[in-house]
Amino acid sequence: MATSTSVPPADGPQDAPADAPGGPGSGGSKDTRQRRRNLFHRLDVGAAPYTFIAPFFVIFAAFSFYPLLYTSWISLHDVELATMDVMVWQGLQNYTELLQDERFWNAVANTATIGVISAVPQLLMALGLAHLLNYRMRGSAFFRVAALTPYATSVGAAALVFTMLFERDFGMINWFLSLFGFDNVDWESQKWPAQFAISSIVIWRWTGYNALLYLAAMQAIPKDRYEAAAIDGATRWQQFRTVTIPGIRPTIVFTIVLSTIGSTQLFGEPLIFGQGPNGITGGVNNQYQTLGLLLYEEGWKNYQMGRAATVAWTMFLLLILVFVAQRLIKRLMASRQAAARPGPAAPPPASPSSSSLSSSSS
Amino acid sequence: MGSVRKAVGTRVVAAVSAALSLALVAGCGGGDGESGKTDDGKTKITMGLFGVMGFKETELLKRYMKENPDVVVEADVAGDEQTYYTALQTRLAAGSGLKDIQGIEIGRAKELVDTQADKFADLSDVDGIDHFLPWKLSQVTTPKDKIIGLGTDIGPMAVCYRKDLFEKAGLPGDREEVAKLWENDWSEYVETGKKFKKGLKDDKAAYLDSASGLFNAMIYGNSEQFYDKDGELIHTSNPAVQEAWDLASETATAGLTAKLRQFQPGWDPGLANSTFATTVCPAWMLAHISEKAGPENKGKWDVAEAPKGANWGGSFLGVMDSSPVKEEAKKLVAWLTAPEQQAYLFQELGNFPSSEEALKDPAVSGAKSEYFNDAPIGEIFGAAAKDIPEEQVLGRKDGTIKDIFSQGLQLIEQGKSPSEARKTTNERIEKAVG
Numbered sequence: 001m002a003t004s005t006s007v008p009p010a011d012g013p014q015d016a017p018a019d020a021p022g023g024p025g026s027g028g029s030k031d032t033r034q035r036r037r038n039l040f041h042r043l044d045v046g047a048a049p050y051t052f053i054a055p056f057f058v059i060f061a062a063f064s065f066y067p068l069l070y071t072s073w074i075s076l077h078d079v080e081l082a083t084m085d086v087m088v089w090q091g092l093q094n095y096t097e098l099l100q101d102e103r104f105w106n107a108v109a110n111t112a113t114i115g116v117i118s119a120v121p122q123l124l125m126a127l128g129l130a131h132l133l134n135y136r137m138r139g140s141a142f143f144r145v146a147a148l149t150p151y152a153t154s155v156g157a158a159a160l161v162f163t164m165l166f167e168r169d170f171g172m173i174n175w176f177l178s179l180f181g182f183d184n185v186d187w188e189s190q191k192w193p194a195q196f197a198i199s200s201i202v203i204w205r206w207t208g209y210n211a212l213l214y215l216a217a218m219q220a221i222p223k224d225r226y227e228a229a230a231i232d233g234a235t236r237w238q239q240f241r242t243v244t245i246p247g248i249r250p251t252i253v254f255t256i257v258l259s260t261i262g263s264t265q266l267f268g269e270p271l272i273f274g275q276g277p278n279g280i281t282g283g284v285n286n287q288y289q290t291l292g293l294l295l296y297e298e299g300w301k302n303y304q305m306g307r308a309a310t311v312a313w314t315m316f317l318l319l320i321l322v323f324v325a326q327r328l329i330k331r332l333m334a335s336r337q338a339a340a341r342p343g344p345a346a347p348p349p350a351s352p353s354s355s356s357l358s359s360s361s362s
Numbered sequence: 363m364g365s366v367r368k369a370v371g372t373r374v375v376a377a378v379s380a381a382l383s384l385a386l387v388a389g390c391g392g393g394d395g396e397s398g399k400t401d402d403g404k405t406k407i408t409m410g411l412f413g414v415m416g417f418k419e420t421e422l423l424k425r426y427m428k429e430n431p432d433v434v435v436e437a438d439v440a441g442d443e444q445t446y447y448t449a450l451q452t453r454l455a456a457g458s459g460l461k462d463i464q465g466i467e468i469g470r471a472k473e474l475v476d477t478q479a480d481k482f483a484d485l486s487d488v489d490g491i492d493h494f495l496p497w498k499l500s501q502v503t504t505p506k507d508k509i510i511g512l513g514t515d516i517g518p519m520a521v522c523y524r525k526d527l528f529e530k531a532g533l534p535g536d537r538e539e540v541a542k543l544w545e546n547d548w549s550e551y552v553e554t555g556k557k558f559k560k561g562l563k564d565d566k567a568a569y570l571d572s573a574s575g576l577f578n579a580m581i582y583g584n585s586e587q588f589y590d591k592d593g594e595l596i597h598t599s600n601p602a603v604q605e606a607w608d609l610a611s612e613t614a615t616a617g618l619t620a621k622l623r624q625f626q627p628g629w630d631p632g633l634a635n636s637t638f639a640t641t642v643c644p645a646w647m648l649a650h651i652s653e654k655a656g657p658e659n660k661g662k663w664d665v666a667e668a669p670k671g672a673n674w675g676g677s678f679l680g681v682m683d684s685s686p687v688k689e690e691a692k693k694l695v696a697w698l699t700a701p702e703q704q705a706y707l708f709q710e711l712g713n714f715p716s717s718e719e720a721l722k723d724p725a726v727s728g729a730k731s732e733y734f735n736d737a738p739i740g741e742i743f744g745a746a747a748k749d750i751p752e753e754q755v756l757g758r759k760d761g762t763i764k765d766i767f768s769q770g771l772q773l774i775e776q777g778k779s780p781s782e783a784r785k786t787t788n789e790r791i792e793k794a795v796g
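Taken in sequence, the protein lines are chains H and F.
Read in order, the letters of the first sequence are residues 1 to 362 in the working numbering.
Read in order, the letters of the second sequence are residues 363 to 796 in the working numbering.
No lab work stands behind these hints: they were computed from the structure.
Because the structure is a prediction, the values reported are computed rather than measured.
For glycine and all other residues, C-beta sits at the position ideal for the given N, C-alpha and C.
Errors might be hidden in some of the hints.
What the hints assert, rightly or not - Take a look, some chain F residues computed to stay more than 12 Å from chain H by CB distance: (1) Pro496; (2) Leu609; (3) Glu653; (4) Asn659; (5) Glu689; (6) Pro780.
To be verified - Residues from chain H shown here face chain F by an in silico Cβ test under 8 Å; the list is partial: (7) Ala82; (8) Thr163; (9) Asp169; (10) Ser189; (11) Gln275; (12) Val284.
If we strip away everything but chain H, and leave its shape as in the complex, we get (with noise of 0.2 Å):
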């Protein structure tokens, strides 16, 4: 994209001199050509980053824009997918039920707290595993691939295996368990260890990514930091806290922004997790049912398309309003951080944590 928009000034000096000679020079009646070659040329210099950005923009309106405003036409509607040309208005109707149904509001609290206990440790863990990655040890190319591969599994693979290992009756971990003298485990069908069983799946899978992706922030700090504050006498511990974290802040700020999008989407591995209807419905209970799921359970379970779009909008503003009261506690704290000290310190790693958020939010 920054290639073909720099294109046109580039192109457009030198073209203009090497056209105007020819024209002259080529006779009378090559004036209509050489109209017309102005014209081409002019369309080259004004359209052509349009035509080359325009797969993008193509593609967007196709398959995002459009669904998007026929998504939220739908949601005003009573329609169901068997019958998809039969749409009863309904105006917002089905938003203020959704807003009255406790399966709502019990998938969000599911959906809040699995993406806490998912990303929380798992980012805390991601910061330990690369800090350790950043040693100077053997193999370790190795290591950094290793701790990408389980990213690079299916999610439907990863579920599936953690589903049998979290089986009740004959799965490894209650086996496990068994050694120690506890009794078995209803994973599945008891609220909190369902949800601990499907974080469980979400940490394994991203934890290796988040320490890259701070490995790479981590390599980027310059040693003499480090020199510096072992001069200074500090331990291993108090280099972590104090020179590595503040150096790599805008990454973790990025890494959460990332696992708080990822949680809120989250569909796949509690689908996988409950197996057959009871996936779709986040259990009997819908003890872990998330705003993912609840979508699926409307559109392709009940087939009740309208209110699977009320849901999926829901779900749309709902993580705008999270992010823009993100943005104001952040605005919040850094202007009382400004007034309690007015260093040169506290501004800069505000602003590029801000506009990695932003970039990523959009």
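Please build the complex by placing chain F on the supplied structure of chain H, with the hints as guidance.
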């Protein structure tokens, strides 16, 4: 000169990329044209199937192609019916991407008859389709007597039980005597379970796998289930539903179930590791049990008659009206559902014929299952098939409602009171269907 060429080059690239992006967008509309003719002039028929319907798994399709050398059949089999049906509905709504022949599960039959009948070809004019059980084709017949599918199998029910565990619990092991234990009523089946539990002291095995298995067996023995003949929901008022719910929840509260979900994780290893002693089994389930319980349990499993006839499952094959090879596809469907082929599939896989003629075939009526202790399954399921109500009223959302009921019974297995679970179930049905 160089700059001119460069300009032309950019133009070409720009044009190509614009065309490409348009093509990408346009591409989603098309995507049809899979069927019809192959490159070498043969007729190509495509099929969309789910589960183990047996046509692809056995040699049937290959045999048809051998007998009809100018026909090529390609079958796409989805493992999971839910996924399959979702895709089918989307394609029906979009009017593209459909195969020439599509499988129809019984739980979806009514919805397709009600909403999509015009997209299916009428099969009532196909020759030689008067061999089906009387109620089978009526399930896919529209009020205007259009038939949108021909029947494949049906699911008459019996009780599969573990002979060795029954004997261990002090109950008879012989299948005739076992059948006598619950000769009159399903409640006797539950009473037997209580005796079983008392008799089997040290063993942890439960009496039955899941409460919902029993619920299904009882529900499907009635001509009206969740909907009445006019298509009105009667799941709260139908006494048959209440009776099935009460008895099934009794097995849950009395601790007779292994709290498993049929066909979900835990159930398969449960079959192999003897975590339960009985399961209500439609004929098509035998293949699954023998495969999952494995050779080490051969002869331990047996089949006894159920107290009451019921039908669980069974499918149809429909032809799409828009298919370019409609007539050839109709012929193929008629052949695949003909009595000989149904009898063959029963012998190969245990899918029980929906054809009256096939039922009379000695290969079917005299069939025995070696795995199930040489049980005369042809006789047992044949008798059960005759006991199935003459008329079965299907409803639009039967599949969804059945799932919600079985989740309600799982709530009881997890400790909720039956009345509370029923309340939740009714609320959920209202939300899902209303």
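Problem set entry | Indices of hints not satisfied (ascending) | none
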